Amino acid sequence: MTTIALDATALTLRYRRGWGLRDCTFQLPAGRISALIGPNGAGKSTLMRLATGLMRPTSGEIRVLGQVPGKHGANRQLAFLGQDKPLYKGFTVEEMLRAGAKLNPGWDDQYAHRLVREADVPFDAKVGTLSGGQRTRVALAVAMGRRPELLMLDEPLADLDPVARQEVMQAVLAEVAETGMTVLLSSHVIADLDGVCDHLLLLSGGQVQLQGDVEDLLTQHRVLVGSRELVLPDGVVEARTTGRQATVLARTSNAPGWDNNEPSLEELALAYLRSAKKVTA
Amino acid sequence: MIEFRIDRRSGVAAYQQLVSQTKHALRLGLLQPGDQLPTVKEVVATTSINPNTVLKAYRELELAGLVEGRRGVGTFVSAALTQPDADQLREELAGWMKRAREDGLDREYVEALVKAQLDLHYEGE
Amino acid sequence: MTWVAWRQQRLQILLSLGIVAGLAALMTFVRFDAQSITDEQLLDDRYGTYINYLRLVLLALPVLLGMFAGAPLFGREIEHGTHVFGLTQSIGRTRWWATKIVVAGLPVVTGMTLLGLLNAWSSVPLQAVMFGGRLVTPTFEIQGLALGAYTALAFTLSATFGLLARNTLAAMVITVIAYVPAIAVVGNALRPAYATPITSTSDELPAGAWIVESSYVDAAGNPVSFSPAGCDTTITECMRAQGVVREVGFQPDERFWSFQVIEAGLFVALAALVVGVGAWALHNRLRLA
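Residue numbers (our numbering), protein chains in the order written: chain B, 10 to 290; chain P, 240 to 364; chain Z, 38 to 326.
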């Protein structure tokens with residue numbers, strides 16, 4: 010088994026106007042739950058589509074579990090769930106599972122059926138009649154029935170109500186606990202991913218702003234509050250002043266005179282995203 | 240068996256919350272040697288946290304000699320968490336509190352004093 | 038993938054085959070009924086309207102059924118985003134595409150080919166009351182192998198346009214825009230030249246002959262100009278007076294089947310070309326966005 014699930018080198022995708030991704034180099038470790046965070050249009054979906062082979066990069070390379078996605082469909086060990094959870098609307102849930110079985114050699118039918126049963130979705134219901142939460146659970150069952158090593162979920166919670174959000178997340182995590190598969194999860198709502206993810210890939214404007222182990226990143230950064238007269242430490246990511254007070258997020262462990270605290274994932278991500286926006290603006 | 244609860248706004252890392260909740264339950268006798276801790280799957284299914292976080296907490300408890308993992312079965316409590324007799328300390332603290340009240344310190348100030356001392360002496364726990 | 042494609046397309050396939058089967062039953066009945074009528078006037082009274090409607094239906098049917106099967110094949114799938122599902126499973130994209138084409142296209146093209154052959158058989162007793170011969174538009178287009186070949190082109194056009202335009206309705210519109218001129222150009226410009234016409238100056242041509250060219254010649258056979266405008270007698274007398282005869286080039290009726298084979302081959306080749314464009318689009322255009 011490879012220790013690197015996704016490995017991108019100078020990955021670039023150019024649209025007719027503007028960039029989808031620009032010179033992205035990153036690695037996602039296997040066996041972890043990685044968060045892909047960024048505002049809408051940051052390139053999150055583009056990145057996933059490149060990994061599945063749905064799109065081809067303009068330049069650079071992406072390797073999925075060691076292989077470049079090619080002509081022969083998606084990597085068999087990779088399951089992808091797109092943002093709008095594409096399923097055939099006219100199919101029943103049972104037929105959808107059958108489609109999964111027909112299209113994937115390593116299909117685990119018992120497992121897929123179990124996941125649907127656990128979600129309390131009737132097998133004879135038409136996919137088009139399901140609620141958003143049920144649809145997502147069925148789509149997950151179809152994706153996980155392939156017994157993938159790597160599961161990529163593009164905004165899986167985007168259109169769900171709070172209860173369904175929690176249920177879907179718990180279902181995913183429970184299966185990760187059991188199978189140890191690698192997960193890449195994108196969201197523009199950082200709170201959804203806090204505590205869930207242990208690896209972070211932060212995208213903005215098609216470029217990687219920050220990547221690494223979440224816990225390491227949090228301990229390497231400090232939220233500093235103090236007088237604006239104080240000397241700024243090295244590694245300032247973002248500094249804001251309100252009256253006499255300054256609030257600084259910096260990649261530092263030592264900032265004498267400042268009141269310093271470990272940032273939350275949200276504080277960390279937002280500081281990087283805001284400063285990226287300022288640079289491009 | 241106990242159920243964990245994760246407070247995401249507490250600022251305390253999730254794995255530390257798991258460790259301290261387990262220790263708390265051991266202290267109160269809610270968990271006793273031989274009892275099983277919830278499986279990783281059960282924990283993540285109720286708390287929506289990363290399975291690796293749970294594994295990390297269980298590993299820390301194991302290193303502390305409080306629990307032991309049995310492959311393919313689960314994680315079980317192996318030792319009780321007993322504290323040395325604290326009767327005398329409790330009496331001294333009661334005396335101190337009485338004096339603080341008599342000296343006119345208000346409750347919030349006393350709490351802040353205690354917390355500051357706790358932070359000083361139990362740093363990093 | 039075959040099952041998945043069949044499950045996705047079965048409604049269209051079954052509906053199309055239902056229409057084809059209904060027409061086939063009607064044609065079979067007509068053949069036996071018309072055969073028993075010997076009086077030409079009676080035959081015309083009973084089947085004149087039938088022939089008109091049948092021409093209308095069979096001229097439209099290849100493009101209608103072809104689009105019905107082809108346009109949504111990729112167009113609707115891309116509209117609904119479900120191609121993302123198909124293309125991220127363990128099967129290759131070529132197999133995904135090819136299976137869908139075969140499963141959706143084969144039944145309707147086969148059905149229409151058989152219907153065309155059946156109509157050739159069914160029309161035999163009606164030939165007497167049809168205008169012109171079997172080679173003349175629109176009689177040529179609605180029987181034999183042509184019907185199936187037209188369907189194949191309409192189907193592949195709409196499937197490929199669906200892939201390129203990513204939209205069912207747009208695929209249908211572009212298909213009609215491309216298909217109608219193709220049929221018209223082939224029928225008017227190419228078909229008369231499938232074989233060298235037989236020339237004749239006789240007034241009596243064999244039955245079912247399709248006149249594809251006509252000119253005026255003198256006794257030696259050299260082309261001359263003749264304008265009936267300058268005549269004060271009947272045209273025939275006027276021509277005789279000037280020593281001019283009318284010479285026609287025609288395609289005889291017995292060339293019907295070889296013409297059918299040529300026409301079908303032409304359209305199948307066009308369809309194959311369109312399929313090639315589709316394969317290119319699958320691997321190059323469907324990668325973006």
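Treat the hints with caution; some may be incorrect.
Below are the SDA-like pairs computed for lysine to any residue, each with C-alpha atoms no more than 20 angstroms apart in a straight line [what the hints assert, rightly or not]:
| id | chain 1 | residue 1 | chain 2 | residue 2 |
| --- | --- | --- | --- | --- |
| 1 | B | LYS111 | Z | TRP40 |
| 2 | P | LYS280 | P | LEU267 |
| 3 | B | LYS286 | B | PRO48 |
| 4 | B | LYS98 | Z | MET38 |
| 5 | P | LYS354 | B | THR228 |
| 6 | B | LYS135 | Z | ILE128 |
| 7 | P | LYS262 | P | LYS337 |
| 8 | P | LYS280 | B | MET190 |
| 9 | P | LYS280 | B | ARG41 |
| 10 | B | LYS135 | Z | TRP43 |
| 11 | P | LYS280 | P | SER249 |
| 12 | B | LYS111 | Z | TRP43 |
| 13 | B | LYS135 | Z | GLY118 |
| 14 | P | LYS295 | B | LEU226 |
| 15 | P | LYS280 | B | ASN269 |
| 16 | B | LYS98 | Z | THR39 |
| 17 | P | LYS295 | B | ASN269 |
| 18 | P | LYS262 | P | ALA325 |
| 19 | P | LYS295 | B | ASP168 |
| 20 | P | LYS295 | B | ALA186 |
| 21 | P | LYS337 | P | VAL316 |
| 22 | B | LYS111 | Z | ILE128 |
| 23 | P | LYS280 | P | ALA325 |
| 24 | P | LYS295 | B | PRO38 |
| 25 | P | LYS295 | B | GLU187 |
| 26 | P | LYS262 | P | LEU302 |
| 27 | B | LYS111 | Z | SER127 |
| 28 | B | LYS111 | Z | VAL298 |
| 29 | B | LYS287 | B | GLN175 |
| 30 | B | LYS98 | B | THR67 |
| 31 | P | LYS280 | B | GLN175 |
| 32 | B | LYS98 | Z | GLU250 |
| 33 | P | LYS280 | B | HIS197 |
Don't read these hints as lab results, they were simulated from the structure. These figures come from a predicted structure and were not determined experimentally.
Outcome of the hint check:
About 8 angstroms separates the Cα atoms of B/LYS111 and Z/TRP40, which keeps this hinted pair within 20 angstroms; it holds. Of the supplied pair hints, the one linking P/LYS280 and P/LEU267 is violated, its CA atoms being roughly 25 angstroms apart against a limit of 20 angstroms. A threshold of 20 angstroms between alpha carbons decides the hint, and for B/LYS286 with B/PRO48 the separation of about 10 angstroms falls inside it, so the pair holds. Taking the CA atoms of B/LYS98 and Z/MET38, the gap is about 17 angstroms. The hint holds against a cut of 20 angstroms.
Restraint check for P/LYS354 and B/THR228: the C-alpha separation of about 23 angstroms exceeds 20 angstroms, so the hint is violated. Using a Cα cut-off of 20 angstroms, the hinted pair B/LYS135 and Z/ILE128 is violated, with the two alpha carbons roughly 25 angstroms apart. A hinted pair counts as satisfied when its Cα atoms are at most 20 angstroms apart, and P/LYS262 with P/LYS337 does not qualify at roughly 30 angstroms. Between P/LYS280 and B/MET190 the alpha-carbon distance is near 13 angstroms, which keeps this suggested pair within the 20 angstroms criterion.
Our distance criterion of 20 angstroms between C-alpha atoms is met by P/LYS280 and B/ARG41, whose separation comes to about 15 angstroms. Proposed proximity of B/LYS135 and Z/TRP43 is supported: the alpha carbons are some 17 angstroms apart, at most 20 angstroms. For the proposed pair P/LYS280 and P/SER249, the alpha carbon gap of about 23 angstroms is over 20 angstroms, so the pair is violated. Restraint check for B/LYS111 and Z/TRP43: satisfied, since their Cα atoms lie roughly 12 angstroms apart, inside the 20 angstroms limit.
The suggested pairing of B/LYS135 with Z/GLY118 holds, with an alpha-carbon distance near 17 angstroms, which does not exceed 20 angstroms. Between the alpha carbons of P/LYS295 and B/LEU226 the distance comes to roughly 17 angstroms, so the proposed pair stays at or under 20 angstroms and holds. Taking the CA atoms of P/LYS280 and B/ASN269, the gap is about 36 angstroms. The hint is violated against a cut of 20 angstroms. Under the criterion of a C-alpha separation no larger than 20 angstroms, the hint pairing B/LYS98 with Z/THR39 is consistent with the structure, at around 18 angstroms.
Using a Cα cut-off of 20 angstroms, the hinted pair P/LYS295 and B/ASN269 is violated, with the two alpha carbons roughly 26 angstroms apart. This hinted pair checks out: P/LYS262 and P/ALA325 have alpha carbons roughly 18 angstroms apart, not beyond 20 angstroms. Restraint check: the Cα-Cα separation between P/LYS295 and B/ASP168 comes to about 32 angstroms, which exceeds 20 angstroms; the hinted pair is violated. Restraint check: the Cα-Cα separation between P/LYS295 and B/ALA186 comes to about 13 angstroms, which is no more than 20 angstroms; the hinted pair holds.
Between P/LYS337 and P/VAL316 the CA atoms are separated by roughly 39 angstroms; this puts the pair beyond 20 angstroms, and the hint is violated. This hinted pair checks out: B/LYS111 and Z/ILE128 have alpha carbons roughly 9 angstroms apart, not beyond 20 angstroms. For the proposed pair P/LYS280 and P/ALA325, the alpha carbon gap of about 38 angstroms is over 20 angstroms, so the pair is violated. At most 20 angstroms may separate the alpha-carbon atoms for a hinted pair to count; P/LYS295 and B/PRO38 meet this at roughly 17 angstroms.
For the proposed pair P/LYS295 and B/GLU187, the alpha carbon gap of about 16 angstroms is at most 20 angstroms, so the pair holds. With a C-alpha separation of about 13 angstroms, the suggested pairing of P/LYS262 with P/LEU302 holds against the 20 angstroms cut-off. Of the supplied pair hints, the one linking B/LYS111 and Z/SER127 holds, its CA atoms being roughly 10 angstroms apart against a limit of 20 angstroms. Our distance criterion of 20 angstroms between C-alpha atoms is broken by B/LYS111 and Z/VAL298, whose separation comes to about 39 angstroms.
The hinted pair formed by B/LYS287 and B/GLN175 fails the criterion: a straight-line CA distance of about 34 angstroms is larger than 20 angstroms. Among the hinted pairs, B/LYS98 with B/THR67 is inconsistent with the structure: their alpha-carbon atoms are about 33 angstroms apart, more than 20 angstroms. As the CA atoms of P/LYS280 and B/GLN175 are separated by approximately 15 angstroms, the hinted pair is consistent with the 20 angstroms bound. Of the pairs offered as hints, the one joining B/LYS98 and Z/GLU250 is violated, with about 57 angstroms between alpha carbons and a cut-off of 20 angstroms exceeded.
Of the pairs offered as hints, the one joining P/LYS280 and B/HIS197 is violated, with about 26 angstroms between alpha carbons and a cut-off of 20 angstroms exceeded.
The structure shown violates the earlier hints numbered 2, 5, 6, 7, 11, 15, 17, 19, 21, 23, 28, 29, 30, 32 and 33.
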